[in-house]
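Residue numbers (our numbering), protein chains in the order written: chain A, 1 to 340; chain B, 1 to 340; chain C, 1 to 340; chain D, 1 to 340; chain E, 1 to 340; chain F, 1 to 340.
Read the hints as simulated data drawn from the structure, not as lab findings.
Wrong hints could be hidden among the right ones.
No more than 27 Å apart at the CA atoms, straight line, and that leaves these computed lysine-lysine pairs for DSS-like [claimed, not checked]:
| # | chain 1 | residue 1 | chain 2 | residue 2 |
| --- | --- | --- | --- | --- |
| 1 | E | Lys323 | B | Lys84 |
| 2 | C | Lys339 | C | Lys295 |
| 3 | C | Lys171 | B | Lys323 |
| 4 | A | Lys73 | E | Lys84 |
| 5 | B | Lys84 | A | Lys323 |
| 6 | F | Lys157 | F | Lys84 |
| 7 | F | Lys157 | C | Lys339 |
| 8 | F | Lys84 | A | Lys171 |
| 9 | E | Lys161 | E | Lys339 |
| 10 | B | Lys323 | A | Lys339 |
| 11 | A | Lys171 | C | Lys171 |
| 12 | A | Lys161 | A | Lys222 |
Partial list, derived from the structure: chain A residues whose beta carbon lies under 10 Å from chain C [claimed, not checked]:
| # | residue |
| --- | --- |
| 13 | Gln24 |
| 14 | Arg169 |
| 15 | Leu172 |
If you want the ones that stay clear, here's a sample from chain B, every Cβ over 10 Å from chain D, calculated [what the hints assert, rightly or not]:
| # | residue |
| --- | --- |
| 16 | Ile17 |
| 17 | Ser25 |
| 18 | Glu67 |
| 19 | Lys73 |
| 20 | Ala78 |
| 21 | Gly82 |
| 22 | Ile103 |
| 23 | Ser115 |
| 24 | Lys174 |
| 25 | Lys177 |
| 26 | Tyr189 |
| 27 | Asp226 |
| 28 | Asp296 |
| 29 | Gln298 |
Glycine residues also receive a C-beta, built at the ideal position from the N, C-alpha and C atoms.
Protein chains: 6
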Amino acid sequence: MSYIVGFGEIMLRLSSIDNERLFQSLKLNATFGGVEANICVLASILGLNSRYITMLPDNAIGHKVEELLLSHKVDTSAIAWGGKRLGIYFVDKGNNYRTSNIIYDREHSSISEASIKDFDWDKVFDNASYFHVSGVTPALTQSAADLTLYAVKEAKKRNIKVSCDINHRKKLWKYGKKIEDIMPEIVKYSDIVFANEYDAIKILGVESDINVDSNISDEDYKIIMDKLISKYSLEIVITTRREIINSNHNNISALLYNNKNLYKSKKYNITNIVDRIGTGDSFAAGILSGLNMFKDYQYILEFATAAFCIKHTIPGDWNLTTKEEVISLMESSKKLDVKR
Amino acid sequence: MSYIVGFGEIMLRLSSIDNERLFQSLKLNATFGGVEANICVLASILGLNSRYITMLPDNAIGHKVEELLLSHKVDTSAIAWGGKRLGIYFVDKGNNYRTSNIIYDREHSSISEASIKDFDWDKVFDNASYFHVSGVTPALTQSAADLTLYAVKEAKKRNIKVSCDINHRKKLWKYGKKIEDIMPEIVKYSDIVFANEYDAIKILGVESDINVDSNISDEDYKIIMDKLISKYSLEIVITTRREIINSNHNNISALLYNNKNLYKSKKYNITNIVDRIGTGDSFAAGILSGLNMFKDYQYILEFATAAFCIKHTIPGDWNLTTKEEVISLMESSKKLDVKR
Amino acid sequence: MSYIVGFGEIMLRLSSIDNERLFQSLKLNATFGGVEANICVLASILGLNSRYITMLPDNAIGHKVEELLLSHKVDTSAIAWGGKRLGIYFVDKGNNYRTSNIIYDREHSSISEASIKDFDWDKVFDNASYFHVSGVTPALTQSAADLTLYAVKEAKKRNIKVSCDINHRKKLWKYGKKIEDIMPEIVKYSDIVFANEYDAIKILGVESDINVDSNISDEDYKIIMDKLISKYSLEIVITTRREIINSNHNNISALLYNNKNLYKSKKYNITNIVDRIGTGDSFAAGILSGLNMFKDYQYILEFATAAFCIKHTIPGDWNLTTKEEVISLMESSKKLDVKR
Amino acid sequence: MSYIVGFGEIMLRLSSIDNERLFQSLKLNATFGGVEANICVLASILGLNSRYITMLPDNAIGHKVEELLLSHKVDTSAIAWGGKRLGIYFVDKGNNYRTSNIIYDREHSSISEASIKDFDWDKVFDNASYFHVSGVTPALTQSAADLTLYAVKEAKKRNIKVSCDINHRKKLWKYGKKIEDIMPEIVKYSDIVFANEYDAIKILGVESDINVDSNISDEDYKIIMDKLISKYSLEIVITTRREIINSNHNNISALLYNNKNLYKSKKYNITNIVDRIGTGDSFAAGILSGLNMFKDYQYILEFATAAFCIKHTIPGDWNLTTKEEVISLMESSKKLDVKR
Amino acid sequence: MSYIVGFGEIMLRLSSIDNERLFQSLKLNATFGGVEANICVLASILGLNSRYITMLPDNAIGHKVEELLLSHKVDTSAIAWGGKRLGIYFVDKGNNYRTSNIIYDREHSSISEASIKDFDWDKVFDNASYFHVSGVTPALTQSAADLTLYAVKEAKKRNIKVSCDINHRKKLWKYGKKIEDIMPEIVKYSDIVFANEYDAIKILGVESDINVDSNISDEDYKIIMDKLISKYSLEIVITTRREIINSNHNNISALLYNNKNLYKSKKYNITNIVDRIGTGDSFAAGILSGLNMFKDYQYILEFATAAFCIKHTIPGDWNLTTKEEVISLMESSKKLDVKR
Amino acid sequence: MSYIVGFGEIMLRLSSIDNERLFQSLKLNATFGGVEANICVLASILGLNSRYITMLPDNAIGHKVEELLLSHKVDTSAIAWGGKRLGIYFVDKGNNYRTSNIIYDREHSSISEASIKDFDWDKVFDNASYFHVSGVTPALTQSAADLTLYAVKEAKKRNIKVSCDINHRKKLWKYGKKIEDIMPEIVKYSDIVFANEYDAIKILGVESDINVDSNISDEDYKIIMDKLISKYSLEIVITTRREIINSNHNNISALLYNNKNLYKSKKYNITNIVDRIGTGDSFAAGILSGLNMFKDYQYILEFATAAFCIKHTIPGDWNLTTKEEVISLMESSKKLDVKR
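So here's chain A without its partners, still in its complex pose:
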């Protein structure tokens, strides 16, 4: 079976316990996560082969990352080892009317200073069907941006489908480049793009005077996405929707646009969110996995949205669910009593 390959940065995530603010007490929960690693882990949990590419420092922390990836059967054989450190991010988890806040401590991480020669590209792409990158990696450093661009070009050259999530992180992009300087070039080599109308117009250069600051109609969405698809010769564009009632209560849904057809998922009204981080990655993993397992786009979209929904119930970056749970939810979101 072929592989879904993700490339990017995985970090140590440190967050406070219970509902405390960060460092309120001096006990921390440690997990590990990063956009593309989160995707590889879920793809593997859902039954697909996945391979994760990054550079890890050769110390007890880097080895722990490999252990945890291996525990979920993610192929780690093409990971590069070296560099100075594993990036860290601190989560000050919000509640109600208080927002979650991320403090990044990821500068000078191994992957952010890695270069093309650090990787064995034949091993990276061996038997790959999809190659996924996001807008987070090129946001780190010029070298990470170069590396990402090299990788998607190389993937394209090898006839592997490229998937790209725009993933705009405002606290990054501090090395001189703006997101709109880099992402269009990467999307040129992509087949599948996770982006919303804002990303299309403001980052990827779609020309439109539709106002994207408020909710837009399906027709306007189609107009924008048609332009995006034709501008970059894309196959599919996918967009998540999130209505934030408060930090514990979000309503979510998603859209998939392909070949002039707009597919809309059902909507989930999540009232007691456990962990919001990594939910978008679960959605992306659901789409990539769905494309490998199913044919019907509506089914794939519902599958991915159910995976998206379930991640909100699980602490940590990784969606520790099962394919059965995802399908059970997409088929009926009403049978929620204790199973016994």
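Could you slot chains B, C, D, E and F onto chain A? The hints should help.
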């Protein structure tokens, strides 16, 4: 004062900490619970005498069970000691759109392999006013079913009121018998039955073509329950209602039917459920305790429903509340500010 | 810069972990809090100078209190040292339809037995702009009531604005006096009073036949507060509103009345409350801090109400927020997505 | 079977977690303990009937104490309910060259302010064989001293053997009396006394010029104890020995003197102490239980010393061991490999 | 590179936290372990290929076991899936003069009821160099004994070296057979045996009148082991020595006997044992790994003994060390200061 | 009163819980520490004024550091704010024969990239009596080395006594310079130096052919230290001695050499070490504080050695003791029973 006597299986319950999935980290919370033990504990907390009958293994785990029952003044003097092991159940607690899931590890437990001669039946029924069983015990093994039937016959013979909760657990009943093979025989010796319209028709053999897959009218409910009562010469039938919005948010209420009169409780809209397990047992304990303390059926039903509601706020199988708290809630569910 | 000075009792607060009932397991969370200390801590966090006055026992527990106050830059130099013990309060935290319950163990605490000569009043009032007391301290003992009255008189004499929160605690006032015996005398020396229509009529002696047991109109509110202001020559009266849906879900807002103008805050619908204790103190700190930082009463009220709201998301008595967070919430309660 | 009855104060004990200093983090372990309660719990665990007498406050904290006593089958039926509060003590646990330190917060506890009429003395002494008191209770208040004296007189009158542990606590005795003012009067009514040569001479008034500040010879010990026995008409005197290498490493042993015969226990070299508190109480419980179960004084002393030793390995005040473990240790302290 | 293959039972291990007795509080630590799994994990950590063979239940618990084995790169591809349950063992951890005690709850586990046809034996032995079994598996059931014997015969047939650890567990062997009925037959097919003089004479039938209840001389050891080797045509016999000072303090060393040469390791004096369980398995893993990596028997023995020693410092069944740490200790046990 | 001023790096310290290896479970304890901060905190605890100089990042992590320093009354007013990040170090705590291991993640920390103009040197040295630096700061980067040298020169210029701890950390010094390139220049401006004979000869260039790899005689020590003192015009040289039995058991003592007089402390035999990190800093703080409080060198040395000893019993970098505890230990290390 006379005793409420419960007979059944109590297990070690292992669940993850915080909102983690089972075994996500390797810290577990251990509690102990089982339908009838839960009832005895709450009856005792509410001020009644209760006695719990089971077989416990004669090791540190069995002794811990006795310690905890004793701490709530449950009479343990008729418990049989022996057998191989205490049953265990693992709880993978759900949230939002993710369902709680139970993994049973209760095969070959002491009580599931116990026999009639293991108990001193005079001690079991000494000074008893009510004897409660559920559909969980006969679901374990043929010997447990035989034992349950023997016990209710014996109770009947001694003029003790028998109470039976149908308690259909789909993951049990694996030894060859179906629930509809066994429960009707047990209900024959019962005076009080906890059952809904589904149980009445599909398990207890009430003949009716009323559709029980959707909500039914009060009139239809009465028709079915009249048939159930007359078929088995029952005194009271009681039914809980649960509307599941998501795993954290349930709306609950209950019905009591006696002598052609239908009593309906008020409804509680519980939005941040702490622990759903054992709530039905709290309701049953509320009914049995109420029957011992109060005369008015509406009052008894409201008392039991308030106990039912409060259990949703307390972790573990046991409803660690007080009679004052239950009465305060049933009398006014609006005075919920901090008491200081 | 001048100081906001608070005077009162700070206690050790012991509460259970997770959602357990008090002593359900034998692990406790310890924090420290008390009305006026909570106010001083938040005023300091919001960027003002604050000084806290109490008497602490000269042992490891008293020293820990000082450590924690110092960590938030509260001036502790006028604290008196001595007496027998630090008061304690136990919190049995509620959920859903179960109320939180406080058990006080504060009798014979150092401050409750302190006397006027224990304090260096010049240090207490050095460079003070506001002096805040509440109805909790005079509820403890006759000597604490005397001390409070002495302090507000002394503050008044020194031309310091006096602020008083009525803060009616039904479980206190056990030494023979009623709240209506004492608080009017203290309010006589006050400029700013936190009170609602009930407090005005039942405690502070405003004569009115408006029914204060149900919601009252703005017009009635103004009538009562006009009488209160003129009876005591007050400058500002402030009132919080709380609609309790259940123990996890409250809707909050507030009113400020000054010079015949009624200011009304926006309303926050808090669905997953983390900690309800100390929220009113956060509001009071917001008002006192706002009066020092801003001029517009509507702005001050919104600032204080946002601080009030945020405290519901943070465990412990203290509002571990920042001025930026408060202003961000008051300016837009909609931008609640993860900041990254 | 007859009862061993203990009378005294039980407290909430709060200590830090792991090896932290008290309040280093804000997580605490809560247990409950007090000299005589500790003895009753162990006597019950060792298979005897025990009854504990105290006064508990009628709140959730007092009820928790009863729950825990009941869980160990201690008879709580003669406990008086009322008063203000449960006493508390804080433990700052030492290690190596750092001493454990106790902070008492037990003033105004229910038992310290109880009086003779609060107890039903017939229930207290019903079917009692031994009545145990210690020097801790009379150290609290004059009323507690009076109560203790009344109780031992009453026990003596009813022909119950009185056992008294001198238990000198330097941080108590603050109400005006010294230990040597009170304890001799109590010992007058005692049959069994736990005291060392220092207690005999400095507290109980034995006249001797033997230097008790350093180790004394067996002969000197006998001389002093003969005088003590004859002065107070005692039956048995028992003494523990503790050599403190550091806070983790103590060597322990004990002596029993009866009818001119000196019995000496074997010595245990405990190198990794888990909890030192309550060890002396375990020894006393071992003696009282041994006197009920065995005849040979050497055997009784070894049994008690083994119980004494085992307590050092168990956190909390209570010796959660079994009779089998105690006997196994006294018979062979060498078979310490994992039992599997 | 070839594989070290282990076959046996892995269990869920539940133990209390801190130094509490089992179930003293209701928090448990969960880990997983079993003799042969422990060996495979350490062999893999030390840099070798290892494969573990067992039967796991196809539920969340079984899947967690696989996750954890995979995290340490143990090959799980030949594990059989099915059966009823994962065995459990409870650890009541001792200290000082209190012994650790194991409660087994492993009856009816999947592996104890598995049969020969459940395994794909070609996958089991694919590319294997060593096959390791212990006396624990045949102690479970007749079918487990049959399976073990089948496996060692099959290994022998395929020219794989068979290693066997006698591992006498007194609490097992309850199905009718004694250890001396079964183990000699298994040792017949073995090349390497872990046994001491007691095992040789009492279990494996070596005839000798040397007293094995006390320490024996090297000469006597050689006499017995020569007989053992010649009786079963063994290549190597290995023996661990443990002197138990108390539960925290053990002195350990080991012997290896091959071709008339006796090798003796250095001795480690371990004064603050963290976890004693699995230490013997670490030694066995050290020997098997050493035989694959090194040639000199003295070096192999020292390597294994250092791994044996280090395991005492790590909680859980698995020796989470590194090859570098083991070699560093064997080369110098003196450089133990903080590495920084 | 004048100030002891420390200058250097403070880091977030992350370590595993209980006795687990780093990341064995995913719970971490967070504390903060660094050589000079540790010294300032203890000096303040011992009753002196202290001021700590570093650069902290202006985020929640940096602010937490200030909070904790303030809680111990360390003056933070001259701390510079800015730079990228707070350095981190991970502690994999050893036991028995397993060594503790530090993983540094401190590159690009704020202080390591700070420059002279970032500090207000008048505030740094305001009212200072002692200025302390260590060999850790110059080990970070060239700019940190330059900054340290500038600071000691500036201190000297202002007639402040300079104290320097050689503190050789082998894992640092990676930017191109060796310790012997830098430290001699810093020692030139010092009055008090913490160094042993190895440091004197290998780092500070004392010429001697005395073998410093094994224990040396007092006479040889004096010869070397005389040379060191005269080479750098020092006032006092101080040396700690540590005999490592295993990771839990160290024997410690210290030497002070001044004006041809050698003072030797008593020796502490610490058998159950809780935390070894920061013990040397406690000793240094004890010396600096002692020099401010006492006159007699023997007394100062014993005081510092007692502080050194006590730190081994307390988790975290900071010595949370009291002056009373230190003096009590130095006066008698035998009175180690529970204080109650």
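Would the hint linking Lys73(A) and Lys84(E) be met if the CA-CA limit is 27 Å? holds (25 Å)
Is the hinted pair Lys323(E) and Lys84(B) satisfied, with a Cα-Cα distance of at most 27 Å? violated (42 Å)
Is the straight-line distance between the alpha-carbon of Lys323(B) and that of Lys339(A) 27 Å or less? violated (31 Å)
Beyond 10 Å from every chain D Cβ: check whether that's true for Ser25(B). holds (17 Å)
27 Å limit on alpha-carbon distance, applied to hinted pair Lys84(B) and Lys323(A): violated (36 Å)
Reported absence of Tyr189(B) from the contact zone with chain D (all CB gaps over 10 Å): holds (33 Å)
Hey, Lys84(F) versus Lys171(A), does the alpha-carbon distance stay inside 27 Å? holds (13 Å)
Starting from Lys339(C), check that the Cα of Lys295(C) is at most 27 Å away, please. With Cα atoms ~30 Å apart, Lys339(C) and Lys295(C) exceed 27 Å; violated.
Checking a non-interface call: every C-beta of chain D should be farther than 10 Å from the C-beta of Glu67(B). Is that right? violated (4 Å)
Under the criterion that the straight-line Cα-Cα distance not exceed 27 Å, is the pair Lys161(E), Lys339(E) satisfied? Since the Cα atoms of Lys161(E) and Lys339(E) sit roughly 39 Å apart, the hinted pair is violated (cutoff 27 Å).
Hint consistency between Lys171(A) and Lys171(C) [alpha-carbon to alpha-carbon, up to 27 Å]: Measuring from Cα to Cα gives roughly 49 Å; hence the hint is violated.
Regarding the hint that Leu172(A) lies at the interface with chain C, is the smallest CB-CB distance below 10 Å? holds (8 Å)
Hint compliance for this structure: hints 1, 2, 5, 6, 7, 9, 10, 11, 18 and 19 are broken, all remaining hints hold.
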